[in-house]
Amino acid sequence: MLPPLAVIAGCSCQCDPDGDRHCPECAQRIRSGEIIKTRIVPSPMIDLPLGATEDMVIGSIDFEAAVKTGVSRFMPGLLARANRGVLYVDEVNLLDDHLVDAILDASESGLNLVEREGMSVWHPSRFVLIGTMNPEEGELRPQILDRFGLAVQVEGETELSLRVELLKRREQFDLDWEGFERKYSNNLEKIRESIVNARSLLPGLFIPNHLRTFISEICTQNNVAGHRADLAIERAACAHAALDGRTEVSSDDIIAVAPLALLHRMRSVQEPQMPPPPPPPENEETEDPDREEPPRDLDEPQQQAEAMPPPENPRQSEKPDAGDGAQEAEPEQPPKNDEETSPQEEVQEIGTPFKVRKLASEKDNKLRSGSGRRSRTRSATKQGRYVKSTPRRGRDDLALDATLRAAAPFQVRRRRQAPERRLAVHIKEPDIREKIRERRVGNVLLFLVDGSGSMGAHRRMVETKAAIMSLLLDAYQKRDKVCMIVFRGDDAKIVLPLTGSVDMAGKHLAELAIGGRTPLSAGLSKAAEVLFQVLHKTPSAQPLVLVVTDGKANVGLGEGAPHREAVEIAAHMKARFPEVRFAVIDTEPPGVVRFQLAQELAAALNAEYFHPETLRAEELVKIAKGE
Amino acid sequence: MNVARQREPFSFSAIVGQETMKKALVLNIINPTLSGVLIRGEKGTAKSTAVRALAELLPEIAVVEGCPFQCDPSDTRHLCQYCKVRVANGEELGVRQRKVRVVELPISATEDRVVGTMDLEHALKEGEKKIEPGILAQAHRGILYVDEVNLLDDHVVDVLLDSAAMGVNTIEREGISFSHQARFTLVGTMNPEEGELRPQLLDRFGLCVNIEGLRDPGQRVEVIKRRAAYEEDPGRFSKQWHAESQKLVGKIMAAIKLYPQVAADEGILYAIAERSIEAGVDGHRSDIIMLKAAKTIAAMHGRTEVIEEDIDEAAELALPHRLRRRPFDEIVAASTRKSQNAKSP
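Chain order of the listed sequences is A and B. Residue 1266, in the numbering used here, is where the first sequence stops; the numbers in between run on with no holes. Residue 553, in the numbering used here, is where the second sequence stops; the numbers in between run on with no holes.
Next up, chain A with everything else stripped away, as it sits in the complex (with noise of 0.2 Å):
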């Protein structure tokens, strides 16, 4: 659908013939009186795979020509390939960050400036930033998000004949394509020339100040962070208009795309809701867009924001932000067993799960080893993604592209130096590079569960539990390992010894049956255990203890105060595991008179303490297109 573009013949980032900006190449041709020849070509679609390298994104030295002529030539990458073109990120959640960071700053400046090899180059890089993902395999960074400008949700068709179109189609589609090809291509043709068409109107549309107005309130009043909303939805109006065929925006078009630019910036969850367009003023002008608008009736703005009605709220049951912190979540499902405080065991359902906070620990410069994604680490094995190269030595992890790139300047000079030794590529010591290579280490995370009858009054368990699901939903986008420990009773189990598989920790938090007393301390001594195990096995792990409890201990290991003992122990888990960072979520009911002893044990582990509340990161969330 893209229609072709005019570039200059041998230009490599495609410059405008007729454009303002060119690259220094051009620029330079252009100046030294170079009678420049124009090209037609189809506009470029760049797909970036996951696995590129940044030196193919970016560019690099033009290793074949260094070696040849001794000469550093720059060798453009995918954002010169892209210029003027479309960029394509298929699971762009899943992009290295590095990458991502370099392709949305060329993306917002419209230039890649490259500082590298010896070289400083810059030329041209805009284009339409394309990326597409599946929720379920985690996040995009908030800043990440917001620099798109557009965003849009796609469902499976669920209506039954619309689906048997697709079917046929795509039937039609495998047996025939060139078939299938000319069949549709009159209405390819008519969409090219409509985008040319609105392409060349657009310079010229009109926006009229009221409707700007419009755009503000409508993201005020959607919560959005930032600005780039405002300039997202004026832009996408003017385009919407111009496909259009018309000169001036109007509500419509504001309505229309708005909520393409406020779905993943708002900072809470809902449909995006529209105040009601406002009236044109009377004295509207419609002609001429250098004509100023004409003072309005000052009461105008106001009477808009008087008549504007509630918002609606369409189809979502959320309640609206949450300040209240007393308030606690209510799971989707009606509860079951509600106030049940009986000493025998029940079973409690999960509350619905919620996001959580960042428990990441800090990156350090550990070498380790393992998959996943939580923490990003240098990686010790030669496994994980080649992200950059380094003149250290020490890992016998050659970069030979590298190598040859720190080589390629001086290879002229080398073969006259050395002419009898007829070497196509002249390498020496200080060239040599290594690789340094990054994986997404999944951390350890222990979950040591208090499964005591305390537990359940006040439904303590089913937020609980809500909160640990959320958790272990997080774990499984991180691809963390799991392990989970319940003391009841008079002792402390291991229910779930160390896995990787999450659902079978959810499986487990489903059935977890409370009821009985507190033996923290058994639990403790167990969680112990299983350490000592993690990190005998692989010394540079860095697990997470999550402690869920009251605190409430009343069963010791010894003679003393089980609270007490309790205390101590942790203390001393503390110092045996420098490395191990502990949390501990305080399931004790607020009310008038709280004993406070999760967090005595919070502070002996040196943890960080949370309540079920303020574990959760915004409200209730739908997860993975659950219901």
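What the hints contain is simulated information worked out from the structure, not anything from laboratory work. Any given hint might turn out to be false.
In silico SDA-like links for lysine to any residue, alpha-carbon gap of 20 Å or less [to be verified]:
| no. | chain 1 | residue 1 | chain 2 | residue 2 |
| --- | --- | --- | --- | --- |
| 1 | B | LYS338 | A | LEU1062 |
| 2 | A | LYS1146 | B | GLU402 |
| 3 | B | LYS333 | A | VAL1051 |
| 4 | B | LYS251 | A | MET1143 |
| 5 | B | LYS337 | A | VAL1051 |
| 6 | A | LYS807 | B | LYS338 |
Derived CB-CB ranges, DEER-like [as the list claims (entries may be wrong)]:
| no. | chain 1 | residue 1 | chain 2 | residue 2 | range |
| --- | --- | --- | --- | --- | --- |
| 7 | B | GLN305 | A | ASN826 | 37 to 45 Å |
| 8 | A | ASP883 | B | MET374 | 30 to 38 Å |
| 9 | B | GLU227 | A | HIS1147 | 30 to 38 Å |
| 10 | A | HIS737 | B | ARG321 | 17 to 25 Å |
| 11 | B | GLN469 | A | ASN826 | 28 to 36 Å |
| 12 | B | GLU439 | A | HIS1147 | 37 to 45 Å |
| 13 | A | MET772 | B | GLN289 | 25 to 33 Å |
| 14 | A | GLY757 | B | GLU299 | 39 to 47 Å |
| 15 | B | GLU513 | A | ASP815 | 15 to 23 Å |
| 16 | A | ILE679 | B | GLU486 | 49 to 57 Å |
| 17 | A | VAL793 | B | HIS450 | 50 to 58 Å |
Among the chain B residues that face chain A by a calculated CB cut under 10 Å, a handful are [claimed, not checked]:
| no. | residue |
| --- | --- |
| 18 | MET326 |
| 19 | LEU328 |
| 20 | GLU334 |
| 21 | LYS465 |
| 22 | PRO468 |
| 23 | GLU474 |
| 24 | ILE485 |
| 25 | GLY491 |
All C-beta atoms in this analysis are idealised placements derived from N, C-alpha and C, irrespective of residue type, glycine included.
Given the structure of chain A, go ahead and fit chain B onto it with the hints provided.
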């Protein structure tokens, strides 16, 4: 790379029971666009044996002589860079017949090895950049077999998904910018006790089979007998089963020939779409795979018309692993048909 003559693999037809698994594999031989099979089951259930045994059933294809990317001489539009250059220079491409290959992807495979990388030797000798093809290049137009697919390194999984999606492997790394055709039948085996596959990867597998050890004592005895006979003299064992295997090969060839003529009427399409909606699957891949599978099943039974029963059979293979919509849902080994051992190929 030539190794010493390996012993014959265990004959496919000699595998006792596990008819559903065998059917799923055979369907993929008949129709390579079915997007492969995921075989889930406990240890010792002939998963790997079955895949390795496929070799004797595979048809022959024509490849360009000397081409590392298994180019199809008749598909001029999709020739690799090197073949294109040769053709442009007026060279006539030599053609060779060979069997479809089963390429194994080792668990320890690194991304570089799978995707391809710069030819070190060439770069150092000639000072030129040339690509060294990876495993994906070898697997094109063949079967890519991944044992313990749930233990694969993340980065490798990403790469597999990428190529399996578009049928093309695009490399932009280490100074190499290259792309080549990478259409393969992905066959994976795994033990669910060790952790589940990500839903993304699950969805990529066209069909899924859950298998268990045999319960019937008679069958178990037969397994021991046959295994012992094979271990004792693999060559003789193969010969004994040769006739049976050839019958199966005949059936497969007939089905391959018949498949282009198989048609599904509107009613069938509606039935398929309804099933997917009822099952609540994500996306549309299930419809497409069910249609292809149903047509292949019809061809296998010697018919050019798809009937409702074909859809039943197809749904049993194409739906179960797609019902799992959230990471914590269990894989439901649901089937519309009760018996696992119905309808052998």
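Comparing the hints with the structure gives:
Between LYS338(B) and LEU1062(A), the direct Cα distance comes to roughly 17 Å. Compliance with the 20 Å bound is thereby established for this hinted pair. The hinted pair formed by LYS1146(A) and GLU402(B) meets the criterion: a straight-line CA distance of about 14 Å does not exceed 20 Å. Pair hint LYS333(B) plus VAL1051(A) holds up; C-alpha atoms about 16 Å apart against a cutoff of 20 Å. Annotation: proposed proximity of LYS251(B) to MET1143(A) holds, straight-line Cα distance about 19 Å (limit 20 Å).
Only pairs whose Cα atoms come within 20 Å are accepted, and LYS337(B) paired with VAL1051(A) is accepted, the gap being roughly 18 Å. A distance of roughly 42 Å separates the Cα atoms of LYS807(A) and LYS338(B); the hinted pair therefore is violated under the 20 Å criterion. The hinted range of 37 to 45 Å is satisfied by GLN305(B) and ASN826(A), whose Cβ atoms lie roughly 42 Å apart. Distance hint for ASP883(A) and MET374(B): a CB-CB separation of about 33 Å, consistent with the stated range 30 to 38 Å.
Between GLU227(B) and HIS1147(A) the CB atoms are about 35 Å apart, so this pair conforms to the stated range of 30 to 38 Å. Restraint check, HIS737(A) to ARG321(B): a C-beta distance of roughly 23 Å satisfies the suggested window 17 to 25 Å. Checked against the hint of 28 to 36 Å, the C-beta distance between GLN469(B) and ASN826(A) comes to roughly 30 Å, which is consistent with it. For GLU439(B) and HIS1147(A), the hinted distance range of 37 to 45 Å is satisfied, since their beta carbons lie about 41 Å from each other.
At roughly 31 Å, the beta-carbon separation of MET772(A) and GLN289(B) lies within the given 25 to 33 Å, and the hint holds. For GLY757(A) paired with GLU299(B), a C-beta distance near 41 Å keeps the hint of 39 to 47 Å intact. About 20 Å separates the C-beta atoms of GLU513(B) and ASP815(A), a value consistent with the hinted range of 15 to 23 Å. A hinted range of 49 to 57 Å for the beta carbons of ILE679(A) and GLU486(B) is consistent with their spacing of about 51 Å.
Between VAL793(A) and HIS450(B) the beta carbons are some 51 Å apart, a value that agrees with the proposed interval 50 to 58 Å. Here the hint on MET326(B) is kept, as its CB sits about 6 Å from the closest CB of chain A, short of 10 Å. Hint status for LEU328(B): holds, given a least beta-carbon distance of 6 Å to chain A, under 10 Å. At about 5 Å, the closest approach between the beta carbon of GLU334(B) and any beta carbon in chain A falls short of 10 Å, and the interface hint on this residue holds.
For LYS465(B), the interface hint is violated, since its Cβ never comes within 10 Å of a Cβ in chain A; the closest pair sits about 16 Å apart. For PRO468(B), the suggested interface contact is upheld, since its CB lies about 8 Å from the closest CB of chain A, less than 10 Å. The interface hint given for GLU474(B) holds, since its Cβ lies 7 Å from the closest Cβ of chain A, which is under the 10 Å cut-off. This hint holds: ILE485(B) has a C-beta 6 Å from the nearest C-beta of chain A, less than the 10 Å allowed.
Interface hint status for GLY491(B): upheld, as the beta-carbon distance to the closest one in chain A is roughly 5 Å, under 10 Å.
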